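> Residue numbers (the UniProt record's numbering), protein chains in the order written: chain A, 1 to 502; chain B, 1 to 321.
Keep in mind the hints are simulated off the structure, nothing from the lab. As the structure is a computational prediction, the values presented were derived from the model and not from experiment. Careful: at least some of the hints might be erroneous.
Here are the simulated SDA-like cross-link-like pairs (lysine to any residue), alpha carbons at most 20 angstroms apart as the crow flies [unchecked claim]: (1) B/Lys-182 to A/Arg-111; (2) A/Lys-340 to A/Gly-400; (3) B/Lys-315 to A/Ala-119; (4) B/Lys-266 to A/Ala-145; (5) B/Lys-182 to A/Ala-119; (6) A/Lys-4 to A/Ala-211; (7) B/Lys-266 to A/Arg-149; (8) A/Lys-308 to B/Arg-320; (9) A/Lys-317 to A/Gly-400; (10) B/Lys-266 to A/Pro-140.
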Amino acid sequence: MTDKKPLLEARQVFKGFFGNPVLKGVDIALHPGRVHALLGENGAGKSTLINLLSGALQPDSGAIAVDGRPVGRFSPATARAAGIAVVQQELSLTADLSIAENIGLGAFPRRFGLIDYAALHRGVREVCAMVGLTEPLDMPVADLALGRRQMVEIAKALFRKPRVLILDEPTSSLSAHEAGILAGVIEMLRDRGTALLYISHRLNEVQALCAHVTVLKDGGVTADQSLSGIDGEGLVRLMVGRETGDLFPPRPACTPGAPRVDVTGFSAGLVRDIAFSARAGEIVGIGGLVGQGQEDLLLGLYGAIPAKASSAEVSGKSGLPADVGAANAAGLVYVPADRKHEGLVLPHSIASNLILPSLGRLARNGFRDRPAETGLIADLARRLTIKGDVARPVQALSGGNQQKVALAKWLPLDPSVLLLNDPTRGVDIETKREIYLMLRAFAAEGRLIILASSDTPELVHLCDRVVVLREGHVAATLVGDAISEEAIVGAAMGVDRKGAAA
Amino acid sequence: MSAVSSSGWLYGAIQSRRNRGLGGLYLVVAAFLVLYVVLFPGILSVGGFSKFTQNWFPLALVTMAQALLMLNGGITLAIGPLVSLGAVIAATTMGGVFGVPGGILAVALTGLGIGAVIGVIVAQLRLPAIIVTLAGSFIITGVALLLLPRPGGFIPGWLSTGLAGHTPVAFLLLVLILLLWKVFLATPLGLGIYAAGDNPIGAFRSGVPVERVKIAAFALSGLLTALAGLFVAAQTGSGDPVIGAPFTLNSIAAAVLGGVGFLGGKGTMRGAVCGSLLLSVMINVMFFLGFPPVAQYIAQGLIIVGAVAVPELLKQWRARR
């Protein structure tokens, strides 16, 4: 096994974006006839590594080698020519074209310059039979359910007869039956000598299919070993555990006050029939893998997307807020994850962003009250330690300071419940510390903070309570000492923890 | 299952699927045509049919030119000026040493060349097509006015009679162009226009040369537009540097009537051509019924909004049930 040459390798690759190192000297080698698992938490660098291996990005240093030879400039075209195919998480399909045309796109068999539909038909029928696609081949992809589109995507990769196949979370939208078919295809390709790289958050799949594992943590490799003799908990331990130093403020003994949010049978978007309650003075974390319903839970409580509940009491009123205006009136505010698009008006000044939610309240006789506005702006800037001239456009600020503006603009409304969606994404360490201190202070003032986060240490060290969502359901509720990175990641990935029931 | 194994099955099945969702449009077009025949039975004679299709022909061409770009996720506001420029170049070159063939070649090359240049600017500099073609429309208008400040020039009489006389030559040309489009759509480049319009990132990852596809779409669109200008010149017997102006917005209106979406990848060329026929018939019917011009404009606008709104309302209504 080991005497075979790897088909595709990354050797000591480094890659950073805007000065943030994402990969710090990563090695990975894909051998023919082996299914290789790539594991890591959100933001560990998995996607970047895939992009390097498929030529979509160039490494800052280090090399990508095909058949043992380093390639100088690796592009998607040279990757395809070398027989590397990727099944991406986002689909690469064209909705109005047929299944057959989508599978052949970019690799059409031709005759006299025209697409050879007869040859296309034969080739497509073969790969569709492999993945169990029984729909008529002339059907437009738009008519297929998401899981079936994913199967088309897989058939498309197989149509190119790859020597190296990279599968990025291929089963996230598949039914159990479809995932079983895919597992069969993977085993068949492995036996034919294809090198496979399998990225998944479902550890049972990884353990069933893969022979070798590379674990990434913070852009470095923490394990590159055979999968035999390592269990789910062992894998989770390799993924977590970061030095946090004095980043987080001390957590005082929690003395929760009156209930502020109490819902049962709550459904919104991806969230299905959950019970959730939180009290004044708490910081409640919402964790889980990306896209398990965390954002929908916040938006549903905020009245921004349709939601329903069998019983609901939010901020002292019974029933869910009907819309954002009602939520604001009830003392709920929301700080979105995508602050550049949803949270701020980038070209406008810091000052005008800060007073935007208060404009109506500050008006006198229908006209703006300039002195009152100036006073409010100065007060907010001081409380949030926003330094410098508030007439500068918000887009001139760093990500962290932008986030502070997005948060600060709500304070004049004196909110009783703050819904925060990943407030420290892309924020530097120093500002993170300031934001954490601020959130602690809000909690001490008796406000409720509900914080969805993709940053596990933040959930562990900042929150009084952590609710982990998985596929729209509550996978775990952790309190006090039970909050640990292992517990959160384990629950998010569906690992059965021995003794956790006690 | 024998149909499945025959080699032509897949292509035929995909083609017939493309009629899906166009049934309503076909019905409306048929209804308007019947109304037209009832009002003006003269259309059933060879001469009447020829005249009718000659009125429709340039609109059909510019609608194809517009739909080609809209399917690719683009748009052009330079249709009208390019029609004018095509007419002006035809009228100024056909009297020269190379005669009519030289004139046709000059028009075709101008259209291809201008389209390709716009395409390169849009694709390589990643500028919005609507701005680049707006700028282009001013420049092209200027050039047309430079070449021929006043309507005039020379078109041989036999060409005018041939293209716009009492024979359905224009209709046959349109059928030929539609057949060529079908052949083009059966090439990787042709399908690439759809794929790059609907999901450019996915198409790029699949190996479609997205930039080259875009440039080709603009070049072909320019060619069709300039040839429409040539036809207009033959129809009127001279070149007019501003004759194309109404075509810009009418081409968008016809493509929208035909179900072509603004965001790329949605719609069909057969739908767009039907849309242009519908628009052409509507204008004729309102004209012959003696609508005052103001009422014609307003009716046209209402019908276009309705054509876009009705399917959307139907969809919402179905979703609620």
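> Run every hint past the structure and note whether it holds.
Evaluation of the provided hints:
1. Annotation: proposed proximity of B/Lys-182 to A/Arg-111 holds, straight-line Cα distance about 16 angstroms (limit 20 angstroms).
2. Of the supplied pair hints, the one linking A/Lys-340 and A/Gly-400 holds, its CA atoms being roughly 12 angstroms apart against a limit of 20 angstroms.
3. Only pairs whose Cα atoms come within 20 angstroms are accepted, and B/Lys-315 paired with A/Ala-119 is rejected, the gap being roughly 38 angstroms.
4. Among the hinted pairs, B/Lys-266 with A/Ala-145 is consistent with the structure: their alpha-carbon atoms are about 19 angstroms apart, no more than 20 angstroms.
5. Among the hinted pairs, B/Lys-182 with A/Ala-119 is consistent with the structure: their alpha-carbon atoms are about 19 angstroms apart, no more than 20 angstroms.
6. For the hint pairing A/Lys-4 with A/Ala-211, the CA-to-CA distance comes to about 15 angstroms; that is within 20 angstroms, so the pair holds.
7. Proximity of B/Lys-266 to A/Arg-149 is assessed by CA-CA distance (about 18 angstroms); at most 20 angstroms being required, the pair is judged to hold.
8. With a CA separation close to 17 angstroms, the supplied pair A/Lys-308 and B/Arg-320 stays within the 20 angstroms bound.
9. Distance hint between A/Lys-317 and A/Gly-400 is unfulfilled; the C-alpha atoms sit about 34 angstroms from each other, more than 20 angstroms.
10. Using a Cα cut-off of 20 angstroms, the hinted pair B/Lys-266 and A/Pro-140 holds, with the two alpha carbons roughly 12 angstroms apart.
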